[in-house]
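*Asks:* If you want the building blocks of each chain, they are given just below.
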Amino acid sequence: MAKARVKLQKSDYSEEVEILSNRYILMNGVKHEVSRIKFDNPISGTVYGTLLNYKGSLEALKGKIDQPPYNEPPKGPILYIKPRNTFSSYSNPVPLPTGIPELEIGAALGIVISKTATRVKKEHASDYIEGFTIANDISIPHESVFRPAIRHKARDGFCPIGPWVVSKESISTPDSLGLRVYINGELRQENSTSNLIRSIPRLIEDVTDFMTLSTGDVLLVGVPENAPLAKANDQVRIEIDEIGYLENTIISEEKLSLEGIL
Amino acid sequence: MKRARVAYAGAIHPASEYHGQLQLADGRLVNEQDVVWLPPVEPRTVFALGLNYADHAKELAFKAPEEPLAFLKGPNTFIGHRGQTRRPADAAYMHYECELAVVIGKKAKNIKKEEAFNYVSGYTIANDYAIRDYLENYYRPNLKVKNRDTCTPIGPWLVDAEDIPDPSNLAIKTYVNGKLTQQGNTKDMIFGIADLIEYFSSFMTLSPNDIILTGTPEGLADTAVGDEIITEIEGIGKLVSTIVGDDVFTEIGDRPHLNIHNGRD
Chain W
0 MAKARVKLQK SDYSEEVEIL SNRYILMNGV KHEVSRIKFD NPISGTVYGT LLNYKGSLEA
60 LKGKIDQPPY NEPPKGPILY IKPRNTFSSY SNPVPLPTGI PELEIGAALG IVISKTATRV
120 KKEHASDYIE GFTIANDISI PHESVFRPAI RHKARDGFCP IGPWVVSKES ISTPDSLGLR
180 VYINGELRQE NSTSNLIRSI PRLIEDVTDF MTLSTGDVLL VGVPENAPLA KANDQVRIEI
240 DEIGYLENTI ISEEKLSLEG IL
Chain L
0 MKRARVAYAG AIHPASEYHG QLQLADGRLV NEQDVVWLPP VEPRTVFALG LNYADHAKEL
60 AFKAPEEPLA FLKGPNTFIG HRGQTRRPAD AAYMHYECEL AVVIGKKAKN IKKEEAFNYV
120 SGYTIANDYA IRDYLENYYR PNLKVKNRDT CTPIGPWLVD AEDIPDPSNL AIKTYVNGKL
180 TQQGNTKDMI FGIADLIEYF SSFMTLSPND IILTGTPEGL ADTAVGDEII TEIEGIGKLV
240 STIVGDDVFT EIGDRPHLNI HNGRD
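Chains W and L are the protein sequences, given in the same order. Read in numbering that gives the first Met the number 0, the first sequence has 63 at position 64, and its numbers run on one by one without any break. Read in numbering that gives the first Met the number 0, the second sequence has 233 at position 234, and its numbers run on one by one without any break.
Check before you lean on any hint, since a few could be wrong.
To be verified - Simulated pairs of lysine-lysine, BS3-like, Cα-Cα distance not exceeding 27 Å:
id, chain 1, residue 1, chain 2, residue 2
1, W, K6, L, K106
2, W, K254, L, K111
3, W, K63, L, K106
4, L, K108, W, K9
5, L, K186, W, K254
FYI, nobody ran anything at the bench for these hints, they're computed from the structure.
Assemble the whole structure, with the sequences as input and the hints as a guide.
*Replies:* Shown next, in the form of structure tokens:
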């Protein structure tokens, strides 16, 4: 039975739970239906995203990579930050900005860091992992990845995370987890963390070589190629093997402002 | 008022400037050499601007951007006044960048530039070091260049906004081992403070202790281990940092018998 940590909306503390199935969890000895639980984002630290870490996402740039402005393939891990204003949780609406027809859905496995990690060797990477979660790394579609894309990636509500952090002991092979994106129930994307360019231990080694990760920080391993697009009122569900699913609905920013949510 | 956060005699204290000394919140008066200076605010979301001075953009052979070129920084990179900044042995060109740092004082969404200064709590100085060897053309400049541990000294003071009547006309200077190497003025920003607050708040909510590092003018130079770098902004203060080499940092792997315990283990 998978052990996980959840944070509820009106609690200051995380709760340890057992995941019984996709529908039920055991919390403080009581069985609860997942759809009735008010989850908060379980993350307390900084969330870092990794660009172009799926083999297919780099292949999709083929033909462009040797041309300006890129000139050559990336060497180091390319990272970005999803700042706190982007944080959102399971079942919270994702705001669709006025004038933007569709959002790009970024299905990402999140590595949750358990203790200060500086210059960690890949053989020891697992010692620094609390567990794994699911993030929807939302972007306004943008073709160029030459300049940082804050305006496209750092908008309010653009990073739902959850519903929980599954302990690393409960995940058999983090470097081979299937992930699927459904929009309104229809399967729109399927991939696996076995297609990462930098595996999880390697990514931790290369990132902590120059920047310290702290307790509660999250490193998103990357977003697979051909990210599906979602429009207003679409229900988006990201599933990752052995973790569960994260579900959110895209709602127009204007409607959310009127409801006082934005 | 000039405010600081310092460690002194076993605790962390808010402090303020008092006739050349520091007055701790509990009343103690101490010398500025006797404290450990921390970043004057605990940074929340930190924005940094690239190519925001026309002369500097030209120096780097870029044309001035039409939209602010901004990236974000994580908490790992910040250190206080008189801290040590690490220069890796393989770096061929590591330069300082003296920047006016604007601290946000209250929640800001869709703010027009005419109102923007109402959302500023104060100003400090940042030295946004960059190692040009690590530049790549993906989300450039990327975190390996701009978010390294110890590479963003900030401070010494948070100066209240009301004490800086015209933040858009402040002299900027950098000294390397006492020699003046960089000179500019905040009036030469391409996107001014109010423009930047309008821009960022148009697509995201800004919150107290968010910080905008507004970019650096021309006059960059390489630095070497042992150099003392002073970045100075008129009316705000002088931020000192020292460049140190890899030898100062013990590799954890080199000391297998040393068991470092932290976090939840």
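*Asks:* Each hint needs a verdict: does it hold in this structure or not?
*Replies:* A quick look at each hint next to the structure:
1. K6/W <-> K106/L: 25 Å, holds
2. K254/W <-> K111/L: 22 Å, holds
3. K63/W <-> K106/L: At roughly 41 Å apart (the allowed maximum being 27 Å), K106/L and K63/W break the hint.
4. K108/L <-> K9/W: 25 Å, holds
5. K186/L <-> K254/W: This hinted pair is violated, its Cα atoms lying about 40 Å apart.
Figure legend: structure checked against the earlier numbered hints; hints not met, in rising order: 3, 5.
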